[in-house]
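2 protein chains.
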Amino acid sequence: MKSSRFKVTPWEVEGEVDYGKLIRDFGVSKLDEKILKRIEKHAKELHLMLRRGIFFAHRDLDWLLDEYEKGNKFFLYTGCGPSGPIHLGHLGTWLFTKWLQDKFDVELWFQFTDDEKFLFKDKSYEEIQKWTYENMLDVAALGFKKGKTHFLVDTKHANLLYPIAVRIAKKITFSTLKASFGMTNEDNIGKIFYTSMQAAPAVVPSVLAKRNIPCLIPLAIDQDPHFRVARDVYPKLGYYKPSVIHSVFMPAMSGPKGKMSSSEVNSAILTTDSAKEVENKIKKYAFSGGRDTIEEHRKLGGNPDVDVSFQYLRFLFEEDDKKLERIEKDYRSGKMLTSELKKITIERINAFLKEHQKKREKARKEVEKFLWKG
Amino acid sequence: MKSSRFKVTPWEVEGEVDYGKLIRDFGVSKLDEKILKRIEKHAKELHLMLRRGIFFAHRDLDWLLDEYEKGNKFFLYTGCGPSGPIHLGHLGTWLFTKWLQDKFDVELWFQFTDDEKFLFKDKSYEEIQKWTYENMLDVAALGFKKGKTHFLVDTKHANLLYPIAVRIAKKITFSTLKASFGMTNEDNIGKIFYTSMQAAPAVVPSVLAKRNIPCLIPLAIDQDPHFRVARDVYPKLGYYKPSVIHSVFMPAMSGPKGKMSSSEVNSAILTTDSAKEVENKIKKYAFSGGRDTIEEHRKLGGNPDVDVSFQYLRFLFEEDDKKLERIEKDYRSGKMLTSELKKITIERINAFLKEHQKKREKARKEVEKFLWKG
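Line order of the protein sequences matches chains A and B.
All the letters of the first sequence, read from the start, carry residue numbers 1 to 374 under the working numbering.
All the letters of the second sequence, read from the start, carry residue numbers 375 to 748 under the working numbering.
Same shape as in the complex, but just chain A:
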């Protein structure tokens, strides 16, 4: 998916992203008032990421809700590419997924794509395995429902996934991948096959249950190409097309120019960072929407739209819309300084991480229980 202004593939996000253009280019639907109302009807509330347009687009969510209303429950499927430590940017999709699981009381299948990261990154198999375990701790720490949450690790659950993946792969040509992912002849043959492994979990519960079960995939928009290609395949194998709900990217520390990435130094706050590290990172690296001097800031006001500290509150850490609005207003007017805004954000992140890190340690004993046993 290339344009003159930006590029969004599952492995590259560059430039400032125009989400309106993305909706048109990718052929997804906007999450409009009508569908938000339908979600609210069942959930009794709307998650902050829905209220604030962070989840902004979808495929076939109307159909999924129709089925749900007929008593045909869906399951959730999302995942993690384990190539490094987990940062705050990862958490958005997963916290939203947890909300969906709680509100709709559904199963979750969570895929760790260790094969993908090994095949796409210049890292050893052993290093990827280490990150797979470390990342599982973070996911387990988020409190997904036990007994209703199943971790799949591609190389460890290949007996389950590979036979499904070959059925999907048989229906996808290399030409299609070239067009959708910009792959070339110089790409390795594992990369080329990989998309069918990512497509497989969307039908795993249907394969196991021997009946067709609707699937909802929450993901950041860069992962959409995998399912755009695979969605055409599922019906040919006798399965429903999965529904998808898409989020924007959480801005990187360096500002709203692309996706937050754990591979760029200092571009991310890690879930394992100490309170001091968080404070330093935010103070030193968090892109600010403030003015050069306090005087100027008081006079002209700051810009919360590009301010990374503010965006962290908006994406993750300020649940209360009224409070968020107040902060936004004060910052825009110049009443709140960047240092004051950063202080709030640091406190919120550290409060969250303190709890998360405790749960993450406890998760060492629980991870095994989440792994699917076939």
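Wrong hints could be hidden among the right ones.
[Unchecked claim] Okay, the calculated beta carbon distance ranges per label pair:
| hint | chain 1 | residue 1 | chain 2 | residue 2 | range |
| --- | --- | --- | --- | --- | --- |
| 1 | A | His42 | B | Lys610 | 49 to 55 angstroms |
| 2 | A | Tyr133 | B | Asp496 | 56 to 62 angstroms |
| 3 | A | Asp105 | B | Lys743 | 42 to 48 angstroms |
| 4 | B | Lys444 | A | Asp122 | 35 to 41 angstroms |
| 5 | A | Asn72 | B | Pro459 | 57 to 63 angstroms |
| 6 | B | Lys743 | A | Lys130 | 35 to 41 angstroms |
| 7 | A | Arg211 | B | Asp392 | 54 to 60 angstroms |
| 8 | B | Leu582 | A | Asn303 | 55 to 61 angstroms |
| 9 | B | His416 | A | Tyr133 | 55 to 61 angstroms |
Hint data in this document are derived by calculation from the structure and do not stem from the laboratory.
None of these values were measured; they are calculated from a predicted model.
In this text, a Cβ means the ideal position worked out from N, Cα and C, and glycines have one as well.
Chain A is fixed; fit chain B onto it per the hints.
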């Protein structure tokens, strides 16, 4: 691998094959007197397929024997693509492999490439699974050593094979496959990945034992491209290059124009054929090197080189070189008629199949024991 005269890829064999040219094109070595002597030293005899040049080429067999003589035992790896019934053409490689296992007292890893056949053939997943089971019965019936013989089915042993395959796949580009297999952009992405699944078993014992174990792969020459590509990869992963020993193709019923195939009607004698069916097939379809009339045959003699009945005796059913020579001489001189030659071949095939079919039925209870349990 294309030339003006013939084409040999793992999925297509066309035209009359020039094995001398194949040795040059594929860059394999001829099985010469010197190396045959080395084999004979250990085996105390030479298998008829070695004596008669049916196994005719190799890669790195000298090195493998060096290691063996140092006390570093190899293991055998061969396989079966389960897309239809087993015919006599399949048996050559396997019977030779059994001989190697018996003489060198080594482990055998036997791969059933159900993924390959599903991805390359216009057949359903279920049909391929059916043939996988049926083919396993034939292989088990050949009497490989229990406890030293391990069946791998790609989709059932993906937990073992896929993690190795991705390590191999990372080192192979699509460009390489295009050059070696003639693949195109319109090929499905499962086909493209597949060669790394076929390459995996050559290091499975080393991976499991966590030490480097030499591997010998007996195969028909059309399978060589898989290993020609993969052999460059193994050392990059810290493993030995496997040695390979190559056979010519068993001629099809219709004559020496290519490989015997179970997908061509009447081109093959199946292991499940009745004595009557064998008789009919040989009488009706086995390409004859005889003359048009008995008078002519008596006068000018027949041509055993192209006679399929004679070739069956040479490949599989006449162990005694002196007897074979006598038949050849009598047929070539015109003393033996085609009907007489066919009678001998029919008797030999039916004697073999009678025993094989008994063992094949018994194998229903034994197949499970051969499947690798990880």
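- Task: Enumerate the violated hints, using their earlier numbering and listing them in ascending order.
- Result: Violated hints: 2, 5 and 9; rest satisfied.
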